[in-house]
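Sequences listed follow chains R and P, in order.
For the first sequence, my numbering assigns the number 1 to the initial residue and increments by one for each residue that follows.
For the second sequence, my numbering assigns the number 1001 to the initial residue and increments by one for each residue that follows.
Derived from the structure by calculation, the hints contain no laboratory data.
Among the hints, erroneous ones may be present.
Said to hold, decoys possible - Reference listing, derived: stretches of chain R covered by chain P, where coverage requires no fewer than 3 residues with Cβ under 8 Å from a Cβ of chain P:
1. 25-36
2. 43-52
What the hints assert, rightly or not - In silico EDC-like cross-links for lysine to aspartate or glutamate, where the CA-CA straight-line distance does not exceed 20 Å:
3. P:LYS1482 to P:GLU1149
4. P:LYS1390 to R:GLU49
5. R:LYS9 to P:ASP1326
6. R:LYS9 to P:GLU1340
7. R:LYS9 to P:ASP1372
8. R:LYS9 to P:GLU1019
9. P:LYS1390 to P:ASP1326
10. R:LYS9 to P:GLU1341
11. P:LYS1482 to P:ASP1003
In this text the structure is predicted, and so the values were computed from the model without any measurement.
Here a beta-carbon is modelled for each residue, glycine too, at the ideal position from N, C-alpha and C.
Residues per chain are reported as follows:
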Amino acid sequence: MPIDIDIAKVARLARLGLSEEELVAYGSQLEGILEHAARVQALPTEGVEPTAHPLPMVNAHRSDEIEPTLDREEVLAQAPDHVDGFFRVPAFLEDE
Amino acid sequence: MSDPADFTIAEAATALRSEDLTALELLAAVRRRAAMTEANIHAYLTIDVDGAEASARAADDAFANGEDRGPLQGIPIALKDNMVTRGLETTASSQILAGWHPPYDATVVTRLRDGGAVIVGKTNLDEFAMGSSTENSAYGTSRNPWDPERVPGGSSGGSAAAVAVGSALAALGSDTGGSVRQPASLCGVVGMKPTYGLVSRYGLIAFASSLDQIGPITRSVADALAVLQGISGHDPEDATSYRGELPDFGSQFDRGVEGLKIGVVSELSGEGTEPAVAAGFSTMLQRLEGAGAEIKELSLPSTAYALSAYYLIAPAECSANLARFDGVRFGLRLDGETVEEMMGATRAAGFGPEVIRRILLGTYALSAGYYDAFYGQAQKVRTLVIDDFKQAYEQADVLVTPTSPTTAFKVGERTGDPLAMYLSDLCTIPSNLSGDPGISVPTGVDDAGLPIGFQVLAPALAEPLMFRVAKVVEDLAGFDLKPALASSEGAAE
C-alpha cells in the first residue's frame, strides 16, 4: 500500500505549528516509518479481536470519598498565566 | 572497607544495621562518586542536595531509634525524570516542561519515601521516554560508563548509567518498549520490567499508557526484587493498577533451574544479533543446560510483526497523552493571537524532533480513513503476539533472548536513521505488548569490553519464577566487572 500523507492536515490536528520546511522533512520521514509499520497489514487477522489493553479489565471504581485535592495556589503557580484563580488563555470565541 | 558507593543494596543494608555505616556516610560516598563522574557521564538532570540529606538524616534517626522500615531504609536511589516529585523540578528531558515543579509526588516516590529510601536526584532520559540512547534529551546526552564515546541506551539511560558508575545504588526507570531492560543491558546492570499493573503509574508522565510500566535498575537480581517489593501494589489513583493479591516475588529464589523448561525464541535471537552477543547468549544456554534446565527452541511467528505494531500503538497513545502539553496549565507558553496559534507555537517549540515525529505518526494512524489499516490492524497483531506467548508458555516455563541485539553503540551512530534506532528494542517490545514481566541480567562483555545482557521473560504475575531463573543466570555468569570510571579516587572529602 503506497503511503499518502497530508502532513499539513496531520500537523494541524496535532496542534503543531511547523514551518513549510519542517512539514516536508517530517512528511518524508513518516512515509519511511509507515512503510515499515504497514508490514502489520501482511498478517492475516480475519476474526482476530483487537487488544487495547494487556489486562482483561472492566471499569475500575474506587470508593466515593472526599479526599484532599492538589493545592490550588501550588498548581496555579506553575501555570504560564492565571487570573482570579483561573488559568488564562488568549480569547478563543472569536476564533473563526 | 571498600567504597560504599559500590555496594549492592543488600550489602549496604547489612552495613547500615551493623553500625559500620550511616545513611549520611553512604549518601556522601554516592555524592563523591557523582562529583567524580558527572562531567563525563551526565547521568543526572537534578541532584536534590537538601532533600537527600534530610532523608538520610531521618533514616539515621530511625536506625538510632530502632525503627526499621525494610531493606530500602537509608539507600540512595535515583529516579528517572519522568516521575513527578513535589517541589523538585521534573522535565521528562523536554523543553516544554523546563522549570516545572510538580504539585504532587508519584506513587512510587511516596512508596520509596515511606520505605525510608533516600532520593538522590532525577536522571536523564530520552525526551518523554521516546528513544533508545538518551540522545533525544533536550538537556544533553548521557554517556556509557564503560566507554563515554558510547550511549548508555535508553530511554532510562541516566538511571542505568548512575547505577553502573556508582552515583546511586539503585534507580527507577520506566519501560514502554524496553526502556529499562535495554539500557541496563548496555550498562552492565540488572533491569526489570514488572507485569503490567503491578506498579502504579500515578505520577509517571504518560507516554503510552497501555505499555508503560515502572521498574528497578540495580546491581543484583536480589536488589531488583527488593526494590520491586518496595514499589508494587494496588493504588486507587491508577485505574489500571492490579487489584488482585501480589505474588510473593522471592518465594522461588535459590531453587535453581533443574527440571525447568527454558524456551529460546528463534525470531529474537537470530538475524541482526551481533556475533559477540550471540556467542554470549549461547554460552549461557549451555550453562543453564549444565545446571539441569531443558533448553527448547520455540517459534513465535507474530513477534516478527511486533516492532511494526508497536510503532503504531505507542505513537497513537503518545499523540493522545501529549495533548496535555498545550501551554495552558504548566510548562512553556509561546504567544499567539488565538488559542490554536498559541498551542501550535508552544508545542512546535517545546517538543524535540523525535517527539514531534511520534505525535505526527500517532495522529495519522488514528485519523479518519487510516484507523483500520494502521491502528486497528496493530491492535489485532497485539492479540496475535499475546496468543503466541500463551502457546509458548504451554511448552516452556520461561523464555530467553539476548536483551539487545547489539552492545552499546557510538553516540551519533543511529541518530540519522530512526528505524535503525527502533531496532534496538526488537527483543524487548513483545513483552510490553503482552504485558508480561522481563528482566535483563549482565552475563559478560564483548571484545571491546562492553556489557552483554541476557533477558528472561515469564508469564504475567510469574515474577517469582522469573527472579528464580534470573538468579541462576547471575550466579552462572559470575559477572563482577565494573567500569574503570566507577572510582572516587582523588575526590575531595
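Each hint, compared with the structure:
1. 25-36: holds (count 7)
2. 43-52: Holds, because 7 residues of the region 43-52 of chain R bring their Cβ atoms closer than 8 Å to Cβ atoms of chain P.
3. P:LYS1482 to P:GLU1149: Roughly 17 Å between the alpha carbons, so the hint for P:LYS1482 and P:GLU1149 holds.
4. P:LYS1390 to R:GLU49: holds (16 Å)
5. R:LYS9 to P:ASP1326: holds (18 Å)
6. R:LYS9 to P:GLU1340: holds (14 Å)
7. R:LYS9 to P:ASP1372: Holds - the C-alpha atoms of P:ASP1372 and R:LYS9 are around 19 Å apart, at most 20 Å.
8. R:LYS9 to P:GLU1019: Roughly 65 Å separates the two Cα atoms, so the pair is violated.
9. P:LYS1390 to P:ASP1326: violated (41 Å)
10. R:LYS9 to P:GLU1341: It holds: about 15 Å lies between the C-alpha atoms, which stays within 20 Å.
11. P:LYS1482 to P:ASP1003: holds (13 Å)
In the structure shown, a violation is registered for the earlier hints numbered 8, 9, in ascending order.
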